[in-house]
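Engineer: Chains A and B, in that order, give the protein sequences. Numbering follows this note's numbering, with no gaps: position 204 of the first sequence is 204. Numbering follows this note's numbering, with no gaps: position 5 of the second sequence is 5.
It is possible that part of the hints are untrue.
Here are some of the chain B residues that sit facing chain A, going by a computed Cβ distance under 8 Å [said to hold, decoys possible]: (1) Leu21; (2) Ser31; (3) Leu32; (4) Ser33; (5) His36; (6) Arg40; (7) Leu45; (8) His49; (9) Tyr52; (10) Ser57.
What the hints contain is simulated information worked out from the structure, not anything from laboratory work. Beta carbons: idealized from backbone N, C-alpha and C, even for Gly.
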Amino acid sequence: MAHIAGQSAPRVTAAAAPRQFLRTEDWWAIWIGLGLIGSAAVLFAAGGSLKWLAVAPQKWSQWSDLAGQFHLNGLRYASLWLLWSTLFGAGALALGIELTAFLRAFAVLFAVSAALYVLGLWDQAAHYNLEPPLVALAVGLAVSNTVGVPRWLEPALRVEFFIKTGIVLLGASLPLTLLLWAGPVAMLQAAIVSLVTFGVIYFCAVRLGLDRRLAATLGTGGAVCGVSGAIAVGGAVGAKRQDISIAIALVVGWAIVMIFLLPLAARALHLPTGVAGAWIGTSEFADAAGLAAAQAYGGYAGHVPGIGGQADAAVAAFTLMKVIGRDVWIGVWAFVLSLVATTRWENTGIRSAPSGSEIWRRFPKFVLGFLLASVLITLISRGYSYAEYKKDVLPNLVAPLQALRTWAFTFAFLSIGLTTRLREFAAVGVRPFAAFTLGVLVNVILGFVLSTQVFAGFWERLGQ
Amino acid sequence: MSAEPIASCRGCGHFRNAAPLLEAALPNLNSLSSAHAAVRADDGLCAVHDRYVRAVSVCDRLLIVPAQDFLALRDGTPLR
Chain A
1 MAHIAGQSAP RVTAAAAPRQ FLRTEDWWAI WIGLGLIGSA AVLFAAGGSL
51 KWLAVAPQKW SQWSDLAGQF HLNGLRYASL WLLWSTLFGA GALALGIELT
101 AFLRAFAVLF AVSAALYVLG LWDQAAHYNL EPPLVALAVG LAVSNTVGVP
151 RWLEPALRVE FFIKTGIVLL GASLPLTLLL WAGPVAMLQA AIVSLVTFGV
201 IYFCAVRLGL DRRLAATLGT GGAVCGVSGA IAVGGAVGAK RQDISIAIAL
251 VVGWAIVMIF LLPLAARALH LPTGVAGAWI GTSEFADAAG LAAAQAYGGY
301 AGHVPGIGGQ ADAAVAAFTL MKVIGRDVWI GVWAFVLSLV ATTRWENTGI
351 RSAPSGSEIW RRFPKFVLGF LLASVLITLI SRGYSYAEYK KDVLPNLVAP
401 LQALRTWAFT FAFLSIGLTT RLREFAAVGV RPFAAFTLGV LVNVILGFVL
451 STQVFAGFWE RLGQ
Chain B
1 MSAEPIASCR GCGHFRNAAP LLEAALPNLN SLSSAHAAVR ADDGLCAVHD
51 RYVRAVSVCD RLLIVPAQDF LALRDGTPLR
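Between the sequences and the hints, there should be enough to build the whole structure, so can you do that?
Structural biologist: See the structure below:
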C-alpha cells in the first residue's frame, strides 16, 4: 500500500543514517590497513616481525627455483590467503556481500594474483615488458571481454576495496615529513590541472549544447577523481541516469587507454620515476588505474636503461598528486556544484538544499587512514638513525607492509580488467566524447609540462 | 533504524539506492569505483525522473510507503 506525498505524511521507520564506519569500503580499508600496520608495529616492538606472514615471491630464473620457493613457503602462502580471506571477508560481509560467495571467488582471485606476482619477478619479465599491473589488467580485460567472467567470481571483484586498503598500507612507506614537504606542491599542481581540465570539459560541453549537469559530471570525472568524481557530482547536481552512464564509459575507457599509454610515453622519454609518477597522478582519472600505471613504471627503474630514480618513487609521486592533490577535494566540488545547480541551472522538478556537510559526507575517508599510517610509522621510526632504520625498521616493519600492499594492489589490478565490460559501455554520443576527449588532451599536455618542466626538479628529488 | 520524516527521497518508494542495485543499473561503475564508496554518500536513482539524486532531495511526486514495503523497495523488490 502506498500514498502520494501531499496526503497525510506519516512517519515511518525507515533507514537510519547508515553507520558509515561499517558500511563503506573506505572505512573498512582503514580498519584493515591500520589493523595490519598496528599488528606489525606491536610485533616489531616485541622484537618480532610480520614478515613470516607477509610472504612474497622472490626473483627467479628457472622453474626449479620457483618450485623450491613454493615448496619452502607453502604454509606461509596458505596463511596469507587465510589472512586476506578473513579481513576482506569481514569487510565484504559488512557491505552486504554473501560471505561464502565472496570467499569462494576470492580464493581464485588470490591464486591468479599470486601467479601474476610470480610472473613479475621472473628475471626476464622486464625484457618482455611483462609488468605485473599491466599483465593483470590485460588478462582481466581479455577474459572479461571474450569468454566472460563467471557470475560466481563477481562477488570478489572489489577494485575499490582492494585499492583503498593498499593505499592505507602505502601510508606506512611514506614518512610524514615527505607528505609535508611534497604535499603543498602536489596540491598546487593538482589544483591547476583540475581547474583547467574541468573548465575545458565543462565549457566545451555547454558550447556543444549539452545539459549543464552532464557537463559538470563529465568535468569532475575528468578533472578530479574519475568515476568516483562523476557519481559524487552527478548525485549532488541531480544528473540523469544516462549522464552518469556516459561519464562512466568515457572515464573508464580513457583511464584504461592511459594505463598503457602514459608509462609507454614516459619510458620513451626516459622520465625519472618521480617525474613520471607525478605526470600519471596529474593525468590519470582513477586511483586504481593510475596506481597500475605508476607501479608498472616503477618496475622499469633499474631494469630499463635511462630510467632513473627509485622504483617506489613513481607510486609515491602518483599518490601525492592524485590522492592528496585531487581526491580530497571531491566534497568541495560536489558542494559548490550543487549550490550552482540549485541556484543557477534549470529546474528539474527535484529540489535539494545544498549543505556544507556534503563536503565531509563525500570525503574519501580512506585518505585519513593513509595519513594516519604515515603518522604512525613516522612516530615509530623517530628514534632511529638512518642506518638503524635501514638495518632494522625497514626489513622488519616497513617491508612486510610493502609486500602486503603489493598483494592488495595486485588483487585490484586484476579486478579492473575482470569488471570492465566494453560491450556494456553506454552509447556516449559524439558531443560528450568530443568534450571529454578535449579535456583529456589538455590534461595530459598540461600535466606533462608541469611535471617535467615547471616542477621537474622537485619530482626528481622525490625519486632519489 | 529510527523514525524519520518521509518527506525526502530517502523514504520515497521511487528511490533506489541499494549498492548492488546501483552497480547493476550503472554498468562498469565498479570497475574503477564502487557503490560502496564514501563519495557516493547515500545518493540513489529516482525511478520517476530517471535521475541520480541526493537522498535528501524532494519533489512533488514522493511516494510514501509503509516501512515494510519501503525496505523491500529500497533493495529493489517490486512493491506488493
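Engineer: Please go over all the hints and tell whether each is borne out by the structure.
Structural biologist: Here is how each hint holds up against the structure:
Because the smallest distance between the Cβ of B/Leu21 and any Cβ of chain A comes to about 11 Å, over 8 Å, the interface hint for this residue is violated. Because the beta carbon of B/Ser31 sits about 4 Å from the nearest beta carbon in chain A, less than 8 Å, this interface hint is met. Annotation: B/Leu32 was flagged as interfacial toward chain A, and the flag holds, the nearest CB pair being 4 Å apart, inside 8 Å. Satisfaction of the interface hint for B/Ser33 is found here, the shortest Cβ-Cβ separation to chain A being roughly 4 Å, below the 8 Å cut-off.
The closest approach between the C-beta of B/His36 and any C-beta of chain A is roughly 5 Å, which is under the 8 Å cut-off, so the hint is satisfied. At a threshold of 8 Å, the smallest CB-CB gap from B/Arg40 to chain A is about 6 Å, leaving the interface hint in force. Interface restraint check: B/Leu45 against chain A, minimum CB-CB distance 6 Å, threshold 8 Å, status holds. Checking B/His49 against chain A by beta carbon gives a least distance of about 6 Å; that is within 8 Å, so the hint holds.
Taken as an interface hint, B/Tyr52 checks out: its beta carbon lies about 5 Å from the nearest beta carbon of chain A, inside 8 Å. Hint on B/Ser57 holds. Least Cβ distance to chain A is approximately 4 Å, under the 8 Å limit.
Hint 1 from the list above is the single one not met by this structure.
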